[in-house]
Structure formats: structure tokens, C-alpha cells
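2 protein chains.
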Amino acid sequence: MLARAERLLARAHPADLAPLLSDLRPEEIRTVIDMLFRHHRAATTLKELPVEMLPQIFEALGDQRLSAVISRLEIDDALEFFEWLPEERRDAVIGLLPEHKRFELRKADLYEEGSAGRVMTTSFMALDEKMTAQEAIDAIRASGEDNEGILYLYVVDGDGKLSGVVPIRRLVTAPPDRSCRDLMVLDPISVTADADQEESAQLVARYNLLAIPVTDPEGHMLGVITVDDVIEVITEEATEDMYHLAGLSDEDRVFSPASQSIRKRLPWMLVNLGTAFLAAWVVGIFEATLDRIVALAIFLPVVAGMGGNGGIQALTVITRAIALGEIQFSSGLRAMGKEVAVGSVIGAITGVASGLFAWAWRGDPTLGLVMFLAMLLTMAVAGIVGAAVPLLLKALRQDPALGSGVIVTTFTDVFGFFSFLSIGAMLLDKVE
Amino acid sequence: MLARAERLLARAHPADLAPLLSDLRPEEIRTVIDMLFRHHRAATTLKELPVEMLPQIFEALGDQRLSAVISRLEIDDALEFFEWLPEERRDAVIGLLPEHKRFELRKADLYEEGSAGRVMTTSFMALDEKMTAQEAIDAIRASGEDNEGILYLYVVDGDGKLSGVVPIRRLVTAPPDRSCRDLMVLDPISVTADADQEESAQLVARYNLLAIPVTDPEGHMLGVITVDDVIEVITEEATEDMYHLAGLSDEDRVFSPASQSIRKRLPWMLVNLGTAFLAAWVVGIFEATLDRIVALAIFLPVVAGMGGNGGIQALTVITRAIALGEIQFSSGLRAMGKEVAVGSVIGAITGVASGLFAWAWRGDPTLGLVMFLAMLLTMAVAGIVGAAVPLLLKALRQDPALGSGVIVTTFTDVFGFFSFLSIGAMLLDKVE
Numbered sequence: 000m001l002a003r004a005e006r007l008l009a010r011a012h013p014a015d016l017a018p019l020l021s022d023l024r025p026e027e028i029r030t031v032i033d034m035l036f037r038h039h040r041a042a043t044t045l046k047e048l049p050v051e052m053l054p055q056i057f058e059a060l061g062d063q064r065l066s067a068v069i070s071r072l073e074i075d076d077a078l079e080f081f082e083w084l085p086e087e088r089r090d091a092v093i094g095l096l097p098e099h100k101r102f103e104l105r106k107a108d109l110y111e112e113g114s115a116g117r118v119m120t121t122s123f124m125a126l127d128e129k130m131t132a133q134e135a136i137d138a139i140r141a142s143g144e145d146n147e148g149i150l151y152l153y154v155v156d157g158d159g160k161l162s163g164v165v166p167i168r169r170l171v172t173a174p175p176d177r178s179c180r181d182l183m184v185l186d187p188i189s190v191t192a193d194a195d196q197e198e199s200a201q202l203v204a205r206y207n208l209l210a211i212p213v214t215d216p217e218g219h220m221l222g223v224i225t226v227d228d229v230i231e232v233i234t235e236e237a238t239e240d241m242y243h244l245a246g247l248s249d250e251d252r253v254f255s256p257a258s259q260s261i262r263k264r265l266p267w268m269l270v271n272l273g274t275a276f277l278a279a280w281v282v283g284i285f286e287a288t289l290d291r292i293v294a295l296a297i298f299l300p301v302v303a304g305m306g307g308n309g310g311i312q313a314l315t316v317i318t319r320a321i322a323l324g325e326i327q328f329s330s331g332l333r334a335m336g337k338e339v340a341v342g343s344v345i346g347a348i349t350g351v352a353s354g355l356f357a358w359a360w361r362g363d364p365t366l367g368l369v370m371f372l373a374m375l376l377t378m379a380v381a382g383i384v385g386a387a388v389p390l391l392l393k394a395l396r397q398d399p400a401l402g403s404g405v406i407v408t409t410f411t412d413v414f415g416f417f418s419f420l421s422i423g424a425m426l427l428d429k430v431e
Numbered sequence: 000m001l002a003r004a005e006r007l008l009a010r011a012h013p014a015d016l017a018p019l020l021s022d023l024r025p026e027e028i029r030t031v032i033d034m035l036f037r038h039h040r041a042a043t044t045l046k047e048l049p050v051e052m053l054p055q056i057f058e059a060l061g062d063q064r065l066s067a068v069i070s071r072l073e074i075d076d077a078l079e080f081f082e083w084l085p086e087e088r089r090d091a092v093i094g095l096l097p098e099h100k101r102f103e104l105r106k107a108d109l110y111e112e113g114s115a116g117r118v119m120t121t122s123f124m125a126l127d128e129k130m131t132a133q134e135a136i137d138a139i140r141a142s143g144e145d146n147e148g149i150l151y152l153y154v155v156d157g158d159g160k161l162s163g164v165v166p167i168r169r170l171v172t173a174p175p176d177r178s179c180r181d182l183m184v185l186d187p188i189s190v191t192a193d194a195d196q197e198e199s200a201q202l203v204a205r206y207n208l209l210a211i212p213v214t215d216p217e218g219h220m221l222g223v224i225t226v227d228d229v230i231e232v233i234t235e236e237a238t239e240d241m242y243h244l245a246g247l248s249d250e251d252r253v254f255s256p257a258s259q260s261i262r263k264r265l266p267w268m269l270v271n272l273g274t275a276f277l278a279a280w281v282v283g284i285f286e287a288t289l290d291r292i293v294a295l296a297i298f299l300p301v302v303a304g305m306g307g308n309g310g311i312q313a314l315t316v317i318t319r320a321i322a323l324g325e326i327q328f329s330s331g332l333r334a335m336g337k338e339v340a341v342g343s344v345i346g347a348i349t350g351v352a353s354g355l356f357a358w359a360w361r362g363d364p365t366l367g368l369v370m371f372l373a374m375l376l377t378m379a380v381a382g383i384v385g386a387a388v389p390l391l392l393k394a395l396r397q398d399p400a401l402g403s404g405v406i407v408t409t410f411t412d413v414f415g416f417f418s419f420l421s422i423g424a425m426l427l428d429k430v431e
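Residue numbers (numbering that gives the first Met the number 0), protein chains in the order written: chain A, 0 to 431; chain B, 0 to 431.
Accuracy of the hints is not assured; some may be wrong.
In this list, chains with the same sequence are indistinguishable; a pair is considered to hold if it fits within one copy or across any two.
Said to hold, decoys possible - In the SDA-like style, the derived pairs of lysine to any residue whose C-alpha atoms are separated by at most 25 Å in a straight line are:
1) LYS393 - GLU51
2) LYS129 - GLU217
3) LYS263 - GLN397
4) LYS106 - LEU269
Hints in this document: simulated from the structure, not taken from any laboratory.
The shape of chain A in the complex, shown without the other chains (with noise of 0.2 Å):
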């Protein structure tokens, strides 16, 4: 059993390793990461799981084994260990690194998180322009194992300053004595390391490119970032603005222990709850109305609850083009202009619909018309809402997902219960 076990994890890919791992009680992880250190696959292998599991095999690592991976990684990855180590123990492991990745890491820890300079590797080949082609290829050779990642080669000046990029398969074709200032792509497309790294995935995205290339102001190399990285980035932030939109926090996925979730989640919604409570104030402002007229209790709901709806859909469709660089702010009035367009046409449609069929409910006209103008109010509102609170959190440089589904359903709530309430007290309430 334990040797067909010791096959298997010598022979698989790593990435088909992680699953598998993740069904394991705590000793049986040990036993695994014992045959993983056995066929140097550690290092390979840990980085591939996903990062919820990552506390878990810290544990069962010792710092000596944690910092021989760690030192193994790239340093994009490496980083991402460090961010899932307990505090205390971050100093022993990094003692235990050798002198040059212990560098490497500080240099790297210099730039913010989600920036181009920390998702970027520092393994890339520069190469002088007055090289040739065949002078190119021995420099690959001389690189050993390493060179099934390159893909691009970049030149530099003579101060060091990128000039250009020669995409390996052009050397395969190329002349041996053809240089390599004759061979690349001149003024090629690069970020500076505090670029933000989702608009360098962009970059890529749009380009069709394999790799970006990452200096400093001054155009000198840092590191490059892959396309498999760019994958990496765009998945997590669509997550991250899916997330956001939910009002839930990155680090709460569906296997990590339900204690995070729950602490992840509870600050969330007691904000919620805050804003529910605000709601049901203004629906308490009108209790006497409620008192006389229970109908209106009856329908409360419908109205905020599609306004809810709009609104979120405005704002799901301008988040989602903000993420994809669809739109700037500029654009934005327009794409509000058509959100609250499109608001108020459903909201004349349902209206009619609601108030039809509250009428013939309940025998009374005036509370379909009343349904039928809170309605027609509420989603031209929640259209304009829903579109405003992601632009104006993009203008103001903040996550235009982050909170703004609980913006604006509190907002859509809010209006929709005042504007039913007060609508049916002024039209049904002739009491005083």
C-alpha cells in the first residue's frame, strides 16, 4: 500500500499531487511529505496546493525542511509561504535560508503587495544587443535545465536599460551570425515593479503576449512576469471581485476550517445587520400607517426586494467592466446615464405588473398605483446607485467590489421601504 503510494507520488504531476493530499489526517501528511523530501518533488509539489492547506503542512514541516522548500521556490511563491507562517516562526525559517534568498526576499518585500515587483520571477536572461544569434543559443545552453522557461530574451544597452525582446522561436530561424539588435522587437511593452499587477495582467491579456517584462523607472530589468502567473492573477481576481461582491474576505475558501469563515464573515455582517436595523428604523417612522393600513406590511418587501435586484445587477455589469478596463471614468457617466435608462424601463414594467396584480389581490386601485410608482422610483434609483458606487470607489483608488453590494442594498432597501411608505401614506392613509 505505502509503496504503491511512494509510486504514485514519484511519478505523478504535482499539480494532480495537491488534491489528493488534501483528504489526509495530520500523520498521513507527514508520511507523505517524508516520501515527497525522499524524491526531491517537496518543493514542487507544496507550492501547487492550494494555500488554505498550507497552515496545516507548515505544521507538519519542521522550520529546517519549511526553509530547504522555501528555498527551492521562486520568490513570488516564497512570499506566499511567508504570508501563510505563523508570526513566530517567520524569523527562525528565514534564519535558516541561504545568504542570496534571504537578499532576494527583502528586495522582493520591498514592493506592495498586488504589485507587478512581487508576482514577478527574477529568472530571466538578458543578453548584450551586439550578441549574435549563435552567441544567444550558447548562452541558453550554458544555462542548463532552466531554459525550458524561457521564452523571450531581453536585451539590454549598454547601461543595462531593456531596448528589446527576441522571442526564442525567432532564434530557431535566425541566421547564426545575425545580432541580436537586429533580431527583437524594438520598444517592447513593459511594467515598472509598482505597477498594479492586475493591469500588467491586462497587459498581457491584450497583447497576446507569453511574458512581461518588469523595470525600474529607469528601464533597468527587474523580473519578468509569465503567463502562467498572469492566469494566476486574473483568476484570483475575478475571485477576489466575486468575493467582494458578496462581502466575503480572499482568505475564506470552501475548505478552510469553518473558524475562519466565521471570523471572516461575522465583522461583515454585523455591518449588515447595523444596516438592516437602519432599514427597519425607517419602516418604524411609519408604524401608525402600518398600524392602519396591514396591506402595506404585506407588500414592504417586494418593492425593496427588486430594487435590490437592480441594483445589483447595475452594479455587477460596471464592476465587471471596470475589472476588464472596459471603462474609465470618464465613460462612466454614460454607462450611469443608460443604468438608470434601463432602471426605470423595468421599473414602468414591473410596476404595472405589481400593481395590476396587487389590485386585483386585494380589491383596491390606489394601493396598485401605489406599488406601481415605488417601484418605478426604486429601480431607477437602484440603476443609478448600482453604477455610481463602483465608479466613485474606482475614482477614489479604492477595490470598486469591495462593500459596494452592501452599499448599495442598504441604499436600495432604505429608499425602497420610505418610498412605499410614504407613497401609501399619503395616497391610502386618510385616517387623520
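Given the coordinates of chain A, work out where chain B should sit on it, guided by the hints.
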């Protein structure tokens, strides 16, 4: 002015031209298209446009020009163009295409939408196992300028079946007389043409590939999905999930015409309205109780609103995990168990908070108890439903995101109203 625009068009990257076109009037679009044709850049530019602009562009292009553009597109882009072309023009445009393109289109049309066959490109290089590295390089050179897109060479055996892959960067450093059989990676990861495009994209992401070969069930090479298409698939699928959670259609983009957005959103909003009335009907059952205890009307939306939020959180976590392949139906029960636990604990905490608050506000401890019990129950149920709905949809081979937002919030609304009002009626309504 026009001359400057023309210089810009002739030099800018196609991906940069697309956004510039989106703000133009119809007659300006016509002028720009004339320029693009003069510079032979029409096809490369137009395929970068966001899809919602295509109808406008198609109107500006006659059938003749449109078929000229389409004949220069790769087959996956050509198919997308046809999807957006009004049906009455399709036959005319297809009739104007060169014979080989028509044949390719007919073949690609055999593959279902969303399948690997639809998104693959059919331009790839297949080599015989016995060819040497030098012969392979000569073949690349003979293929002309198209070689910029080549990242892997596909090695086929005597029956034309895929037997291995030679990364082009390996050719660079290989001895010229080495055979492809010696150079190739054996058993390359591949997909069949009817595979799901999202799963194919996940394979590329998971194994950090630059392209994945597409074969028929017997293993004959049909095409290749490249990493730029993978990024597009991943981005589109993320958009689709976010959209479906909000009850939006894929074709409802930020700058698609308002009339189209209304048409797309209306059916869904009418379904929503129906479910809202269903919830109202539940409230109506308790009309007599509400008539006597108006305080219940005030707090009515709080419990249901919180339940809706909790349900959407569970739904988002599970939907995203399914999309990322982090969860199978088998581990689904574990995920559901966790969501119920999380929901119950958060329900207990927010239940205590809201119970105390309601007691303090209205001076009635029993009302507080009603709040607590209803919140606890509703949040636990929200966890179950939020997790179960996407898992069930997945098990039924449906899109786990499509419609699940509405199902979950309808359920939490109905259950929230019912639990709050029935517990309220039991504990507070002592009249009869």
C-alpha cells in the same frame, strides 16, 4: 486631422485601436474602416473589438468586405463573428467566402458551443517522429511568417496520431541531427474536441502550459488551444459566473444598447417579481397577527435580509470553488456541512445582537427571543440552501451559477418571513 488619424491607425497596436472606435458616430466608423482596409489592418483590428460593437461594425461593412475580413480570421474568431451577424445576412456572407474557409467553418460548426473544438485554432505544425531537429527547423522556416505563433511542434506517428510534443525552445539547443522522437515530451496532455472549453482552460492553467493539443477520440490532431485563448476563456467564464449569479445574460454588457439590456433583464426580473409575490403571500398568511402586533412588520425585513446575505455568501464560495475545480460532488457534502456550521454560528451571534437590540428598542424581551430564534434558524437554512443549490445544479449537469441567486434568495425570503412570523405568532400573539 484625418491624416493624423490615418498615421495613428497605421502604427498603433490593433488592441489599442479598438477602444478608440467605441466612441465614434456611424459615418466616422465607416471612414475608419476605409482606412483600415487601405492599410490591410481591418481583420486584425476588428477581431479585437468588444463583441457588443460588432453589430454596428457589420452594418458599416458591406457583405463583400465582411466576408473579406472573415476569410482572414482564425476559425474561432470567424465563428464568433457569425454569432453576432443578423441571420438574414449569414447566407450571403458565407457564399462570398473562399471554398476552404467555408469548409473549415462547416467543420467547426459541428462542435458544440462551449466545446474545445469551437475555441481551437487549426493552424499548427505536425511533424513525423523520424524528422531530425534540423528538418523540423527547416519546416518552421518554410512555414513563413506564421511561425511567430508556433510554441510547440506536435509529433505524430505513422497513423497520424499524436505521440509527443517538442517545445520550440528545446529545438534551439538541440543537436541538428537529433530526431524528434528523442526530443519530444511523451504522452502530452491533450483534450478531445468535444471537451468543455472551461475544463480545457483549467488544464492549461493547472500544468502551466502554453498550448494544449485537441484531438479526435482516436488521438488524431485536430487543432490547438493557445494560452491567449485560454485567458479569454477564463475571463469569459468568470464574467459569466458573476453575471449569472446576478441574473444577467452574457450579452448584456456595459455599453450594449439600453434596449438590449432591458430585453435581456426583463424576463429574469419578472421571475423575481413572481418570487417576491410568493414571499408576500407568505406574509399575507399572517395578516391577522401583523394587524395586532405591528412591531413584527418593522423587523420583518431584517431576518429575511440577513438570511439572503448569508445564502449568497455560501452560494458564492461554492460556485467559485466549482468553477476552479476545487470541489467535486463527493466533497460537496463536506462543504455543505461547513456552510451550515458557519451559518448557524453567525446566526446565533447576529441573533443575540439583534434580539438584544429589538428588546432594547421595543422594550419586549419576547420580541427579542423571536428575533434570536428566527435568525438562528434562517441563517442555518441559508447555509444549507446556498451550498446545496449550486451543487445540485452541477450534479444535474447545469450551470451552477445560472438562476441560483434567485432560487437562494427566494428560499431565504420565504423561510425568513415564515419562521419570523410563525414564531412571532406563537410567542407573542395571545389574542385568540
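Quick rundown of the hints versus the structure:
no., hint, result
1, LYS393 - GLU51, "between (29 Å within a copy, 24 Å between copies)"
2, LYS129 - GLU217, "within (21 Å within a copy, 49 Å between copies)"
3, LYS263 - GLN397, "within (20 Å within a copy, 30 Å between copies)"
4, LYS106 - LEU269, "neither (39 Å within a copy, 56 Å between copies)"
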